[in-house]
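When you get a sec, could you build the whole thing from the sequences and use the hints?
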Amino acid sequence: MPSSILLSCFCFCFLLIHSFSTSSTATIYSNETDRLALIAIKSRLHDPLRVTSSWNNSVPICLWAGVSRGRRHQRVMELDLRNQSIGGDLSPSIGNLSFLRSINLEDNNFHGNIPNEVSLPFRLETLVLANNFFSGTIPNNLSHFSKLIELNALRNNLQREIPTEIGNLLKLETLDIGKNHLAGQLPDSIGNLSALQVLHVDVNSLYGTIPYSLGKLRSLEKLNVAVNSISGMVPLPIFNISSLIHIVLALNRLHGSLPRNIGYDLPKLKLLSIGGNNFTGHLPFSLSNTSNLQRIDLSVSSFNGKVLIDFSGFKSLSFLNLGENNLGTGTANDLHFLTSLINCSKLEVLALNENQFGGALPKFIANLSNTMSRLHIGGNQIYGSIPPGIVNLVNLHGLCIEINQLSGTIPHDIGNLKKLQILYLHENSLRGSIPVSLGNLTLLTKLFLFSNNLKGSIPSSLGNCQNLMSLSLSKNKLTGILPQQIVGITTLSLALVVSDNLLSGPFPSQLGNLKTLIALDISKNRFSGEIPGTLDSCTSLEILYYHIKQLIGIFFS
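Just so you know, the sequence shown maps onto residues -25 to -1, 1 to 532 in mature numbering (1 follows the signal peptide of the UniProt record, and there is no 0).
Bear in mind the hints are in silico, worked out from the structure with no lab data behind them.
Take these hints with a grain of salt, some might be off.
In silico EDC-like links for lysine to aspartate or glutamate, alpha-carbon gap of 16 Å or less [as the list claims (entries may be wrong)]:
| no. | residue 1 | residue 2 |
| --- | --- | --- |
| 1 | Lys197 | Glu140 |
| 2 | Lys197 | Glu148 |
| 3 | Lys197 | Glu125 |
| 4 | Lys243 | Glu196 |
| 5 | Lys154 | Glu140 |
| 6 | Lys452 | Glu517 |
| 7 | Lys450 | Asp496 |
| 8 | Lys154 | Asp82 |
| 9 | Lys191 | Asp163 |
| 10 | Lys281 | Glu299 |
| 11 | Lys146 | Glu100 |
| 12 | Lys17 | Asp64 |
| 13 | Lys17 | Asp55 |
| 14 | Lys197 | Glu136 |
| 15 | Lys394 | Asp475 |
| 16 | Lys146 | Glu125 |
| 17 | Lys191 | Asp240 |
| 18 | Lys122 | Glu53 |
| 19 | Lys122 | Glu136 |
| 20 | Lys490 | Glu517 |
| 21 | Lys321 | Glu299 |
| 22 | Lys450 | Asp475 |
| 23 | Lys245 | Glu196 |
| 24 | Lys281 | Glu329 |
| 25 | Lys290 | Glu323 |
| 26 | Lys499 | Glu517 |
| 27 | Lys191 | Glu148 |
| 28 | Lys430 | Glu402 |
| 29 | Lys290 | Glu329 |
| 30 | Lys450 | Glu505 |
| 31 | Lys122 | Glu148 |
| 32 | Lys154 | Glu92 |
Keep in mind that this is a model prediction, so the values were computed, not measured.
The following block contains the structure:
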């Protein structure tokens, strides 16, 4: 009996030692496979920051930059070289790193094709190649990516069609292949990706229709197909995906109307951007229920009728663009919906331009959010005067109320809007004088007051606007001289237009200081004398209109 016990112990020890030896040998061999693969990858890189300088035989692989290994088997599990200015192409040896779970090469200068071998590490969960110069096609052997959760190849030069095999990535949660050169249609097979939460294919050359199968993606949170050539109607089941937070369909060729119950079916929506299509019909009242919305862009379409949406619950709304539609009926209460925007304390941009809105500008517009930076209401049928309280919107960068039927005067203290960069009040029936306080707007780059009934002199205080690039005061009844302070604004580079007024006196000799000016129109006034020879210094001038007594000229370079 003792001898048999001794024999058993001996056998156990032998097997244990053999097992340990075999395991150690396998580990060493496996580590060598990883090491050789990484060395092969390094050999094809341009590494100006010497990030991979540690990838050599004198440094243990566990200390190699950008390389992470597993604790149990000591195999390479992560390759993270993001934002390191690395160039070159990606070696097919990437496929020999068989334990890889994550590859992140984001924000570099990689080029060439994505090697098919990238799909060989069957444990791979994350593949991030965004912001590089990868070209060629998306590998079509995607069925190997059985565990892939994220595929991000945003902003590259990928071409041709999206492979139908992409529908085999059943665990995929994020697919971002936007801003490439992909063509063809969106594959129906994308509808198989039941775990998908993010689908971004924006800024490509995709055409055809949005697959009906996308309506099966019940976990989808973000959908972005903007800036393509996608046509047809949006499948109704998409508007029933209650998990959706972002819908971005802008700048395509889509048509149809918004579903009546869109606001009830999409209660989590934070971003709705569908502008630049040909959507028609009324804006559904149910949108009043989408109170989580932060950005709404319904511009450049064919929506019509009154705006009946109640925005009073939209506490996070920062951007509302309804411009370039057929909204409004030209009647007095068209702008009544603006009342509900008073509660939107984070509103920064309100664009209602180029519609059919009628009525007067309500006085309560002065009570809109003091975070407002852009107010665009031009190209409507709005009448009455500009509410004096509009000067309370002290954070405005752009105020555009052009091409309406406004009368009355320009608020005398409009100079309180000291952050204003663009002021468009042209093509109205404004009267009175140009406020001297406009000289306080030292950040102003464009000032358009043409085609009104303004009288009096041009205030010399406008010379304080030393960032002005374009000034148009034409087609008014302005008198007096052209102040030399205005001609001394050396930043005037686009246009100086004061034609069709009653200006008189000699031409300022300082006109020659406008060396970067492209267009100068001083015609149809009562100027006298000769055009100063200093105009020869205006080497950028392409268009010049002038009229002095009997001397009339038009010059195009």
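Each hint tested on the structure:
{"no.": "1", "hint": "Lys197 / Glu140", "verdict": "violated, 22 Å"}
{"no.": "2", "hint": "Lys197 / Glu148", "verdict": "holds, 11 Å"}
{"no.": "3", "hint": "Lys197 / Glu125", "verdict": "holds, 14 Å"}
{"no.": "4", "hint": "Lys243 / Glu196", "verdict": "holds, 9 Å"}
{"no.": "5", "hint": "Lys154 / Glu140", "verdict": "violated, 21 Å"}
{"no.": "6", "hint": "Lys452 / Glu517", "verdict": "violated, 27 Å"}
{"no.": "7", "hint": "Lys450 / Asp496", "verdict": "holds, 12 Å"}
{"no.": "8", "hint": "Lys154 / Asp82", "verdict": "holds, 14 Å"}
{"no.": "9", "hint": "Lys191 / Asp163", "verdict": "holds, 11 Å"}
{"no.": "10", "hint": "Lys281 / Glu299", "verdict": "holds, 14 Å"}
{"no.": "11", "hint": "Lys146 / Glu100", "verdict": "holds, 9 Å"}
{"no.": "12", "hint": "Lys17 / Asp64", "verdict": "holds, 10 Å"}
{"no.": "13", "hint": "Lys17 / Asp55", "verdict": "holds, 13 Å"}
{"no.": "14", "hint": "Lys197 / Glu136", "verdict": "violated, 22 Å"}
{"no.": "15", "hint": "Lys394 / Asp475", "verdict": "violated, 30 Å"}
{"no.": "16", "hint": "Lys146 / Glu125", "verdict": "holds, 9 Å"}
{"no.": "17", "hint": "Lys191 / Asp240", "verdict": "holds, 15 Å"}
{"no.": "18", "hint": "Lys122 / Glu53", "verdict": "holds, 15 Å"}
{"no.": "19", "hint": "Lys122 / Glu136", "verdict": "violated, 23 Å"}
{"no.": "20", "hint": "Lys490 / Glu517", "verdict": "holds, 12 Å"}
{"no.": "21", "hint": "Lys321 / Glu299", "verdict": "violated, 23 Å"}
{"no.": "22", "hint": "Lys450 / Asp475", "verdict": "holds, 5 Å"}
{"no.": "23", "hint": "Lys245 / Glu196", "verdict": "holds, 10 Å"}
{"no.": "24", "hint": "Lys281 / Glu329", "verdict": "holds, 14 Å"}
{"no.": "25", "hint": "Lys290 / Glu323", "verdict": "holds, 12 Å"}
{"no.": "26", "hint": "Lys499 / Glu517", "verdict": "violated, 19 Å"}
{"no.": "27", "hint": "Lys191 / Glu148", "verdict": "holds, 14 Å"}
{"no.": "28", "hint": "Lys430 / Glu402", "verdict": "holds, 15 Å"}
{"no.": "29", "hint": "Lys290 / Glu329", "verdict": "violated, 26 Å"}
{"no.": "30", "hint": "Lys450 / Glu505", "verdict": "violated, 23 Å"}
{"no.": "31", "hint": "Lys122 / Glu148", "verdict": "holds, 11 Å"}
{"no.": "32", "hint": "Lys154 / Glu92", "verdict": "violated, 24 Å"}
This entry does not satisfy hints 1, 5, 6, 14, 15, 19, 21, 26, 29, 30 and 32, going by the numbered hints stated previously.
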